[in-house]
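Protein sequence lines correspond, in order, to chains A and B. Residues 571 to 970 (our numbering) are what the first sequence spells out, left to right. Residues 3 to 300 (our numbering) are what the second sequence spells out, left to right.
Since the hints were derived computationally from the structure, they do not count as laboratory data. Where is the CB? At the ideal position from N, CA and C, for every residue including glycine. Possibly wrong hints are sitting among the right ones.
As the list claims (entries may be wrong) - Computed beta-carbon distance windows for the label pairs:
id	chain 1	residue 1	chain 2	residue 2	range
1	B	G273	A	H858	20 to 30 Å
2	B	Y79	A	E937	26 to 36 Å
3	A	K811	B	M184	19 to 29 Å
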Amino acid sequence: MNIHEYQAKKILHKYGITIPKGGIAYTPNEAKRVASAVSFRGPWVLKAQIQSGARKSGYFLEAKAGRKGGVRMIKSRRDIIKNAEQMLGSTLVTMQTGPKGKQVGRIYVEAFNKVKKVFYAGLVIDRMLPALTLLVAETVDKDISDIAINEPEKILKIKLSLHENVAPKQIQQILEFLKLSPRSAKSLETFVNGLHQAFIENDATMIEINPVGVLSNGSLIALDAKISFDDNALYRHKDIKMLQDDYEENERELQAAKYRFSYSEFEGNIGCIVNGDGLAMAVMDILHAKGFGVACSLNVKGGVDKDKIASGIKIIMTNPKVEGILINILGGFLRCNLIADGIIAAASEVGLNVPLVVRFEGTNKDEAKEILKHSKLPIIIADEMEEAADALIKAVEESD
Amino acid sequence: MSILVGKNTKVICQGITGNQATFHIKRSLDYGTKVVGGITPGKGGEMHLGLPVFNTVREAVDATKANASVMFVPAPYVKGAMKEAVEAELDLVVCIADGVPIQDMLEIKAMLNGSKTKLIGPNTPGIITPGEARLGIFPENIHCPGKIGIISRSSTMTYEAVIETNRVNLGQSTVIGLGDDMIIGMDFIEAIERFQRDVDTSAIIMLGRLGGTFEEDAARYYKNLPVKKPIIGFVAGDAVPFGHKMGYAGDIITRGRISAQDKKDAMADAGIIVVNNINHIHRELEKLFNCCETSCKL
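Bound conformation, chain A alone (with noise of 0.2 Å):
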């Protein structure tokens, strides 16, 4: 789950952290007011509250926004309302955010804050060490991105302990490794076991902060900050949880994870239901090579209610670009049985419009595909996953 930049910040700030004044606005009038409170005068900085890095260097695609990105200096109060005006309703489209952007409803106002020097930080777990990993570099003239990719020997990269705070000896090879005065020292120990603790108790699975700026007096302090947390704990972090922005979701993945199911969509036609990320990516990888793309993709995992397995299936029946139905099921924990009458379930309810192709093995199978015959469904049974795929993709080049 992931959350906007001002409330990472707020948490952020809870552990020590230094962040600019301030505050969110809904209006444009919000903006303006905000902005007095924060600061008596100019310049500030309007940031559009999308879930998405590079905001500053993305465009907005409805021309009344104006030319200039996600994140915008502001001179004058009388800006601040024509600033907020283009932003809010607008679409942004960032490097992060795929072509269709994301629409903006909520813009952060902050004091603009001048500083000598910027730097990245992150704190991540490095799944195949495993470790909790923490990553800094300098980001003078170039953006993270590219410093990732083609000077990785410019990003510093140091293994935290869980438990324990940063070492001493590990501050001082932070602050060597980015060429900080000694009198960022204090200030950098304070950072760094912030976003240490932040991560820790919170299950977080990411927290980064591109920039850090240096202040004139040497201390450090956040100017944007993301925090991704980790979905499987959420269940101990019920204040994380309620910062969820449903907006920010696809409305087909919310309803597919509140049966703890996992959804994706993409740009095909074809609807898959499957029980498993591999088979899920296999099955795509055989309609690819196939000429076919996959428009949805609903993983019911080891699914054992029928009535939520039911729901999955209406997610993809409902989904209006797809135009036929490959579902694959492998039964260990999950049983056949269970998927075929959850088809015959939805198909009951909203109706089988499209072709569907079904294809079991494992637990039940038998039964299951007895349960299909009777139904009397136009549905097709395959043995093999490639025969499924070729079944479906004859069915739904006929019904063109």
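Following the hints, put chain B in place on chain A, whose structure we already have.
Just chain B now, kept in the frame of chain A:
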């Protein structure tokens, strides 16, 4: 012969009285697996499926001399259950649960480090040595004893590979689901190492997927082996587009993005026979072995 589990493996089940555990342990017993007891805190002293139930792993091990555990406890309790299993010095734990928090897994990996316990999973169908022992949730009716070792990072693709070996009557020596998660116990390298030493395994099927560098690491290991049993490899994820993401930190860790093709290239370079369609595995098996020999009957 087989690896890790066989007819002499004495198995206990953590969380034995739960619904899923009951369903699957019963099937494992019917399959002939030597399940000797189970653990459900608070239910010690009771009997379940004709087996004694204990309050702790330690008690169960003392009473039954079990050396392996199949764990059916829900994700939030996995960390505590693992601690018990490691402290009781079990040889093997198979963890079925999906959704174990990442930080819990970091702590579990630290616990395992330096212990004698090997973990398979989490988020795995488990491990099965056909005809001998089933620890997990495999549909046992598709398996048959034979000479192909299977290692997979995707639960459901595992079944697909099993069926491929059956198509050419070769059967399986042992089948291991490593788990679908990004932090897992045993990896490809440890499993390949064991299959290399197992006299009954003639070839290995390795199923990888997008995410992490498990496949590249295994390829590097395999490349340097002086004697190699043949490996047929598949990697899922060719058609998966890189979707929306947050931030850059992930890219820094993986040095840009690793595609399924990158993994396949690394595997092919190491001498692994790479197939692009999982349903073509049987064709490669046919080339490796005489098509007419029969070592397996369903």
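Hints versus structure:
1. B:G273 x A:H858: 20 to 30 Å: holds, 27 Å
2. B:Y79 x A:E937: 26 to 36 Å: holds, 32 Å
3. A:K811 x B:M184: 19 to 29 Å: Check passed, 22 Å falls within 19 to 29 Å.
The structure fails none of the hints (numbered hints given earlier).
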